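Participant: Take a look at the letters that make up each chain.
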Amino acid sequence: MAATSLQNYTLVITGAPYSSQAPQTALLFARAAIAAGHTLDRVFLYGDGVHLASSLSAPPSDETHWAKEWARFLKDNAVPGVACIASALRRGLVNESEKKRYELPASNLLEPFIIAGLGEWVEGTMASSRVIYFHAGG
Amino acid sequence: MAATSLQNYTLVITGAPYSSQAPQTALLFARAAIAAGHTLDRVFLYGDGVHLASSLSAPPSDETHWAKEWARFLKDNAVPGVACIASALRRGLVNESEKKRYELPASNLLEPFIIAGLGEWVEGTMASSRVIYFHAGG
Amino acid sequence: MMPINTLHILNKAPDHPRTAQCKHALRPGDALLLTENAVLALSVAGGHDDPAIPVYALEPDAVARGLGRSGTETTLVDFSAMVNLTAQAQNVISW
Amino acid sequence: MMPINTLHILNKAPDHPRTAQCKHALRPGDALLLTENAVLALSVAGGHDDPAIPVYALEPDAVARGLGRSGTETTLVDFSAMVNLTAQAQNVISW
Amino acid sequence: MSTLIVIDQSPYGTWEGREALDMTFSLAAFDQSVSLLFTGAGVNWLRKAQTTSKIEQKSVEKNISAAPIFGVKAIYADAKACVQYGLGLDNMLAGVAMAENSAELLHEHTHTAFAG
Amino acid sequence: MSTLIVIDQSPYGTWEGREALDMTFSLAAFDQSVSLLFTGAGVNWLRKAQTTSKIEQKSVEKNISAAPIFGVKAIYADAKACVQYGLGLDNMLAGVAMAENSAELLHEHTHTAFAG
Chain A
991 MAATSLQNYT LVITGAPYSS QAPQTALLFA RAAIAAGHTL DRVFLYGDGV
1041 HLASSLSAPP SDETHWAKEW ARFLKDNAVP GVACIASALR RGLVNESEKK
1091 RYELPASNLL EPFIIAGLGE WVEGTMASSR VIYFHAGG
Chain B
991 MAATSLQNYT LVITGAPYSS QAPQTALLFA RAAIAAGHTL DRVFLYGDGV
1041 HLASSLSAPP SDETHWAKEW ARFLKDNAVP GVACIASALR RGLVNESEKK
1091 RYELPASNLL EPFIIAGLGE WVEGTMASSR VIYFHAGG
Chain C
902 MMPINTLHIL NKAPDHPRTA QCKHALRPGD ALLLTENAVL ALSVAGGHDD
952 PAIPVYALEP DAVARGLGRS GTETTLVDFS AMVNLTAQAQ NVISW
Chain D
902 MMPINTLHIL NKAPDHPRTA QCKHALRPGD ALLLTENAVL ALSVAGGHDD
952 PAIPVYALEP DAVARGLGRS GTETTLVDFS AMVNLTAQAQ NVISW
Chain E
-18 MSTLIVIDQS PYGTWEGREA LDMTFSLAAF DQSVSLLFTG AGVNWLRKAQ
32 TTSKIEQKSV EKNISAAPIF GVKAIYADAK ACVQYGLGLD NMLAGVAMAE
82 NSAELLHEHT HTAFAG
Chain F
-18 MSTLIVIDQS PYGTWEGREA LDMTFSLAAF DQSVSLLFTG AGVNWLRKAQ
32 TTSKIEQKSV EKNISAAPIF GVKAIYADAK ACVQYGLGLD NMLAGVAMAE
82 NSAELLHEHT HTAFAG
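Protein chains in written order, with our numbering: chain A, 991 to 1128; chain B, 991 to 1128; chain C, 902 to 996; chain D, 902 to 996; chain E, -18 to 97; chain F, -18 to 97.
I should point out that these hints are in silico values taken from the structure, not numbers from a laboratory.
Computed from a predicted structure; not experimentally measured.
Take these hints with a grain of salt, some might be off.
Only pairs whose alpha carbons sit at most 20 Å apart, straight line, appear in this in silico EDC-like list of lysine to aspartate or glutamate [as the list claims (entries may be wrong)]: (1) F:K35 / B:E1101; (2) F:K43 / B:E1053; (3) F:K39 / B:D1052; (4) B:K1089 / A:E1101; (5) F:K43 / F:E89; (6) E:K35 / A:E1059; (7) B:K1058 / A:E1093; (8) E:K43 / A:D1052; (9) F:K35 / D:E974; (10) F:K35 / B:E1053; (11) E:K39 / C:E960; (12) C:K924 / F:E89; (13) B:K1058 / A:E1110; (14) A:K1058 / B:E1088; (15) E:K54 / E:E81; (16) B:K1058 / B:E1101; (17) E:K35 / A:E1093; (18) D:K924 / E:E89.
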């Protein structure tokens, strides 16, 4: 039955952790998708969602560390995690090369996340059979 | 006339720059308050507002750099700017001592902002004659 | 399960303006999945307007908010079933 | 200016649930200041309910949204006047 | 100074309510007069039996129940919002006072802070 | 694939609409079929004479007006929302198509993305 065939997903997260539930819902969805045999083409962080890729988040030890959980998931499943460069630069999320380019005092991008342009999102929409957005609630 | 007497303000910013208008409205308010002869007891960043104190923000050169504008205002007027430690740690905003304490790869707090507890907000509410909140809109 | 034309995923509370917009956009053949704060619709009397549209609610979000019992009109689903819904639907809209 | 009991500062768009809550909380002697997205109320027909409550709107936010002309019921103010309003009011509530 | 902290956002979907609770407890810890008002979708913080393990968040049920012990003066719930969300004495946390006209509470306190 | 980008939030108070415009232009730059729908408070992006210097933001009026040049297929405005916010042909940017039932547009596109 075609309706239940395996899909290739692009997930787009636009809500920040510890502000919205979006990264949490997206991770639980992503785990279930992989468990069902689907594939994830990529995960794209946009707008406030880029904060998920911070290497400096330090929530209380009895709360889930969403950035680390996401990073582990991406590594374990070899899924690319991409933070939009325009969203990231405004919000203070930078890698080593942006640090040098903008002469910033540090970098704070958590591996394996990378920073790239909106073209990565466009490619995701073209390459995958399903694009699911995880926005901030309210 | 007592109603127009000079006030001592505590400003609380809970909305992030490049996500809400809160830090912008707060800065234009703060400048006008100083110009009218009022004093600012302190500025307290809470919730998503702590992102205003990031040293790594790099908006496009034709957009206002709100973190730098705020930092300059605080220095010029000797107003303490305090980011709530609990909000900051969850959201990946840390100073040198938190960096060491939590073994994080970098620090990203912009001077002259400092990181401290909610007690700073409580003190602000007690020490000042007006507490004005700048929340995210919507 | 029935084939789904468009799956509408709503994660906003009942008083959010996007909730009304979402309900207005539902068409026969569509399905509605309530997640996060949207599961609060389960507690609102008369919140379900159109019996022709299947309504699902994410069970982890419902029980987190103390709303574990499913009404007769709403089916509680886990993340695995949520994935199935998105795979079956021709289109998915996240409100 | 008249003395103000409570100054209500509203920065939410007219369709935000907190807007209705704010209007419901206005009492004689209070004043309402619209900032940021709340200035869109200037464009909504019949948006001003109670003529006994003075309504102000932040002019920089109004002109940014193409709403520079003040209605007869609403006074456009700059940041300096906003500061005065907060200094005159006994209490200030930011919605 | 008497403070009213107002929570009008649903639990768990956003962090504002949680951080407003922290503000409340902080004022109480400094022996300041502080009360809580839950209104709008925020009344859902007061529902019994919040089981949050599957969304990997901490339940705030215990925090709210412990508020009086930590010196929070009163917990109010907007009566109309409770009706709207099907909340009554049977399914609400104990120790909550129903406010028939919660807007009056804003005028009875000298300092009001909304959650986010 | 045909994409509809939906902006239902007011201009300048939040960044979501601005970043949704960036998404729109990005799709157009990759020669993908993309249209814009402004609805709810989002129709206020379409008002003429947005003068933003005093709030130190860039106006988006020019960006929206230039959308067709950059390959954006159509710009729709929800007709009911325009009435609600007092928008008509006299005070709106040129090149906008009124959508009497904008919900239908969602069903006519294979991919819909909301601003935030």
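Participant: Confirm or reject each hint.
Facilitator: Status of each hint after checking the structure:
no. : hint              : verdict
1   : F:K35 / B:E1101   : violated (26 Å)
2   : F:K43 / B:E1053   : holds (16 Å)
3   : F:K39 / B:D1052   : holds (8 Å)
4   : B:K1089 / A:E1101 : holds (18 Å)
5   : F:K43 / F:E89     : violated (27 Å)
6   : E:K35 / A:E1059   : holds (15 Å)
7   : B:K1058 / A:E1093 : holds (14 Å)
8   : E:K43 / A:D1052   : holds (15 Å)
9   : F:K35 / D:E974    : violated (23 Å)
10  : F:K35 / B:E1053   : holds (13 Å)
11  : E:K39 / C:E960    : holds (17 Å)
12  : C:K924 / F:E89    : holds (17 Å)
13  : B:K1058 / A:E1110 : violated (30 Å)
14  : A:K1058 / B:E1088 : holds (18 Å)
15  : E:K54 / E:E81     : holds (18 Å)
16  : B:K1058 / B:E1101 : holds (9 Å)
17  : E:K35 / A:E1093   : violated (43 Å)
18  : D:K924 / E:E89    : holds (17 Å)
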